[in-house]
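> Residue numbers (numbering that gives the first Met the number 0): 0 to 735.
There's no promise every hint is true.
What the hints assert, rightly or not - In silico PhoX-like links for lysine-lysine, alpha-carbon gap of 25 Å or less:
id: 1; residue 1: LYS481; residue 2: LYS394
id: 2; residue 1: LYS422; residue 2: LYS448
id: 3; residue 1: LYS193; residue 2: LYS161
id: 4; residue 1: LYS481; residue 2: LYS422
id: 5; residue 1: LYS422; residue 2: LYS344
id: 6; residue 1: LYS260; residue 2: LYS249
id: 7; residue 1: LYS448; residue 2: LYS478
id: 8; residue 1: LYS111; residue 2: LYS99
id: 9; residue 1: LYS422; residue 2: LYS488
id: 10; residue 1: LYS605; residue 2: LYS680
id: 11; residue 1: LYS618; residue 2: LYS696
id: 12; residue 1: LYS473; residue 2: LYS387
id: 13; residue 1: LYS394; residue 2: LYS368
id: 14; residue 1: LYS7; residue 2: LYS98
id: 15; residue 1: LYS304; residue 2: LYS344
I should point out that these hints are in silico values taken from the structure, not numbers from a laboratory.
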Amino acid sequence: MNFINPYKLLGVEAVDNGEIKRAKRKILAQIELSDDGAIQYGKFRLNKSDFLSIIDQLDDPERSDHYIYLLSLPHLSAFLEEGDLNFFESYQNSPIYQKKSFVDFISPYFAKEFNEAFKYAFDQRDIFLIRSLVQNPPLVNQLHEARLYEGVYQSLQKLSDKLHQIRTNIDDESGEYEEENVDQVLDDIQSLVKVEVLNALPNYFQSIRNEIAQKIRNVSVAVFNNLNDAEEAMEIISFAIRLKISSLTKVNIEQDYEQIKEIYEERKESEKYTPQLAEYAGVLLQIGGLIKQFDSSEISSEEVKEEVSQLFVVRDLNALPEVFDEIREQIALGLRSLSVLIWNKEQDLSTAIYLVQMASSISVSREVKEQLNEAYTQLNQIRQNIFKPVIDSLKGINNTIRETSLSTNRVIDKPKLKTILDKIISRNVLTQIASAGGGIVTDFFAELKPLLLFLGGRYATGKLEILKNALDQKHPEWKNVKALYEQLKPKPVTASSVAKSTAEAGEGCLVGLGEGILNLILRLVFLFSILGVIGVASDTCSNSSSYSSSNPRNNSSSYPSSPPYSSTGSGSSQNYVSAPDPSSYSKYRGNQLKNGASPFDGCFGKGKYRETNSWILFKNGNSSDAIVCLVDIRDGRTVRNEYIRAGDTFKMTKLPNGTFYLKVFHGKDWNPNMVNLCGTKGGFDTNAHFSISDSPKDYISVNDDGYTYTTGEITLYTVANGNMNQRAINESAFFQ
Numbered sequence: 000m001n002f003i004n005p006y007k008l009l010g011v012e013a014v015d016n017g018e019i020k021r022a023k024r025k026i027l028a029q030i031e032l033s034d035d036g037a038i039q040y041g042k043f044r045l046n047k048s049d050f051l052s053i054i055d056q057l058d059d060p061e062r063s064d065h066y067i068y069l070l071s072l073p074h075l076s077a078f079l080e081e082g083d084l085n086f087f088e089s090y091q092n093s094p095i096y097q098k099k100s101f102v103d104f105i106s107p108y109f110a111k112e113f114n115e116a117f118k119y120a121f122d123q124r125d126i127f128l129i130r131s132l133v134q135n136p137p138l139v140n141q142l143h144e145a146r147l148y149e150g151v152y153q154s155l156q157k158l159s160d161k162l163h164q165i166r167t168n169i170d171d172e173s174g175e176y177e178e179e180n181v182d183q184v185l186d187d188i189q190s191l192v193k194v195e196v197l198n199a200l201p202n203y204f205q206s207i208r209n210e211i212a213q214k215i216r217n218v219s220v221a222v223f224n225n226l227n228d229a230e231e232a233m234e235i236i237s238f239a240i241r242l243k244i245s246s247l248t249k250v251n252i253e254q255d256y257e258q259i260k261e262i263y264e265e266r267k268e269s270e271k272y273t274p275q276l277a278e279y280a281g282v283l284l285q286i287g288g289l290i291k292q293f294d295s296s297e298i299s300s301e302e303v304k305e306e307v308s309q310l311f312v313v314r315d316l317n318a319l320p321e322v323f324d325e326i327r328e329q330i331a332l333g334l335r336s337l338s339v340l341i342w343n344k345e346q347d348l349s350t351a352i353y354l355v356q357m358a359s360s361i362s363v364s365r366e367v368k369e370q371l372n373e374a375y376t377q378l379n380q381i382r383q384n385i386f387k388p389v390i391d392s393l394k395g396i397n398n399t400i401r402e403t404s405l406s407t408n409r410v411i412d413k414p415k416l417k418t419i420l421d422k423i424i425s426r427n428v429l430t431q432i433a434s435a436g437g438g439i440v441t442d443f444f445a446e447l448k449p450l451l452l453f454l455g456g457r458y459a460t461g462k463l464e465i466l467k468n469a470l471d472q473k474h475p476e477w478k479n480v481k482a483l484y485e486q487l488k489p490k491p492v493t494a495s496s497v498a499k500s501t502a503e504a505g506e507g508c509l510v511g512l513g514e515g516i517l518n519l520i521l522r523l524v525f526l527f528s529i530l531g532v533i534g535v536a537s538d539t540c541s542n543s544s545s546y547s548s549s550n551p552r553n554n555s556s557s558y559p560s561s562p563p564y565s566s567t568g569s570g571s572s573q574n575y576v577s578a579p580d581p582s583s584y585s586k587y588r589g590n591q592l593k594n595g596a597s598p599f600d601g602c603f604g605k606g607k608y609r610e611t612n613s614w615i616l617f618k619n620g621n622s623s624d625a626i627v628c629l630v631d632i633r634d635g636r637t638v639r640n641e642y643i644r645a646g647d648t649f650k651m652t653k654l655p656n657g658t659f660y661l662k663v664f665h666g667k668d669w670n671p672n673m674v675n676l677c678g679t680k681g682g683f684d685t686n687a688h689f690s691i692s693d694s695p696k697d698y699i700s701v702n703d704d705g706y707t708y709t710t711g712e713i714t715l716y717t718v719a720n721g722n723m724n725q726r727a728i729n730e731s732a733f734f735q
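Kindly produce the complete structure, drawing on both the sequences and the hints.
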């Protein structure tokens, strides 16, 4: 639709019917005499029909008035007819611009010419012209407003599509962008998006500007995830923040920027400690190697203790900065796993406690420290359970001897008493008691001392030497044991005194201990052996007192297996399983729920589903089933709990918008009747353990804004190269 003022076409400047008719006849004659039946007017070629159509508009009085008024507005007329931009450069307001009928009259013509001028200014990236065009209200009605910006809007939509294509090319492994040319991504975005030009556009373009910023943000995330370049990702998302976008969009993008920046700074910080990180990653791998060697019986627990004592100095590890927090925790958990295995396999309590104490001396988070303290408490309880009956056994023998000495004249049969004591205080028991700590050594020595004084000779000094050598010299009882050893140590003697001693020793040795007293002592020993004391405490102890438990949550005296963990410092993942799989003990062996079942709705409430396109694909490559909980970071509410079978995948769809972290309940053999800490029924009988992924770098941001939506893939932890870190938690933390 082209604008032509009939009065200017006729060459008249007033409403004079006679003059109009004469001018009209003159132009019609020119048309008749022309070769092609048309005349040239400005940039238009008009035939008779065109001419008459234009002139006929003067029959409408209102339109005729508008045309007359336009003769007094030459700059506006020139813009409407020819697109002359002097109208904007020398803009002067006029009362007629407020008249609706006038604006409605020129609106389609103004919109057409403005669209072309605005598109030209945008294509030329002429910010001055763009600002000149939009600094005053356009003379259009609401019907034609969209036409003002039609050309530029289409260009911006194509720009948004190109940004999406860049993101697609990054996601595509065979695409044009790789780690080697990651710098090209920002260069391409900067050549496409001119921030100053987009920011100069009026508010009409706010939604498409937000969309473009979001597309740039998506490219940044793709660079971070797929090209592993936090620095480039941070620069790209910084570019998006420079755009004039809505506050909500800006907040979301700035949050992403802060997360990427945090990871980038952590990586830069880590680079300074690369040699030390590699060193302690090697320590972690060596611990994993010791676990494998011990599990396959290639080395003994004593050799494990010796190897571990030389791996690293705890003080040096604790002195390192926060970037070592993760590897510190992994080393501590590795030592705990090794401790579990040594107890379960050999019942070497001394080494098991040594490893847990060493792990406890490492600076770790409160949660890991609680796990280590719990392990030490359980080991200490086992130590008490093992050695208290030994002490009680010695106490019973002392009481029997005293009562016998007071009530009879019989002499105790020392060789038989030694035989009984050898069953109770073997070398292994003495060694382990020496490392027991607390008041156990003191109580034990108080009952052992009178018996050794009574027996004397090489037998007593032999037992004392074992105990003395096994005790730490800083232990309060070490001096007492050494003093008794020196007291009883054989002295140089003459031949006559040897003969005398031999004669005295022969008197009543086999005669004095009556059958009744001997049987009483033997019955006492037999009683304790039934209670599991001697069998556990002797050199020939079995696995009947194993720390292993098929359900560690319901057995306070068990030593639960350590949750799996990985070596982040080395870039690889190593799983440690401390105890044999006891699934054969479960009544519900092999029982599973269906994929996608939500067994804890009664605990957390029914899942939140929203009509969004966002989804996450979970891959459970473990040998255990898992219940994955999606937790909102704002209020800690679990919005979804989904069962995923071992080795299977599950797509969690219709996700609500927000930022989330994961809690996972791992295990085997689903027991529908087990009462859990939440008070509802349901839990795993076997290998039950819990984990959480709540580090800010592992937060899951879900957003569907109508233009883009979140998709992703998460590999559940303990799988090699899993893409999300986790730490262990207890059952109470999982169900809170």
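> All hints, please: hold or fail.
Against the structure, the hints come out as follows:
With a C-alpha separation of about 22 Å, the suggested pair LYS481 and LYS394 falls inside the 25 Å cut-off, and the hint holds. With a CA separation close to 17 Å, the supplied pair LYS422 and LYS448 stays within the 25 Å bound. A C-alpha spacing of about 14 Å is found between LYS193 and LYS161, which places the hinted pair at or below 25 Å, so the restraint holds. Distance restraint check for LYS481 and LYS422: the Cα-Cα separation of roughly 23 Å lies within the 25 Å cut-off, and the hinted pair is therefore satisfied.
Our distance criterion of 25 Å between C-alpha atoms is met by LYS422 and LYS344, whose separation comes to about 22 Å. A distance of roughly 16 Å separates the Cα atoms of LYS260 and LYS249; the hinted pair therefore holds under the 25 Å criterion. Restraint check for LYS448 and LYS478: the C-alpha separation of about 13 Å stays at or below 25 Å, so the hint holds. Under the criterion of a C-alpha separation no larger than 25 Å, the hint pairing LYS111 with LYS99 is consistent with the structure, at around 19 Å.
Of the supplied pair hints, the one linking LYS422 and LYS488 holds, its CA atoms being roughly 23 Å apart against a limit of 25 Å. For the hint pairing LYS605 with LYS680, the CA-to-CA distance comes to about 16 Å; that is within 25 Å, so the pair holds. With a C-alpha separation of about 20 Å, the suggested pairing of LYS618 with LYS696 holds against the 25 Å cut-off. Distance check on the hinted pair: LYS473 and LYS387 sit about 23 Å apart at the alpha-carbon level, within 25 Å; holds.
Distance restraint check for LYS394 and LYS368: the Cα-Cα separation of roughly 38 Å exceeds the 25 Å cut-off, and the hinted pair is therefore not satisfied. For the suggested pair LYS7 and LYS98, the alpha carbons sit about 23 Å apart, so the restraint of at most 25 Å is met. Taking the CA atoms of LYS304 and LYS344, the gap is near 15 Å; set against the 25 Å cutoff, the hint holds.
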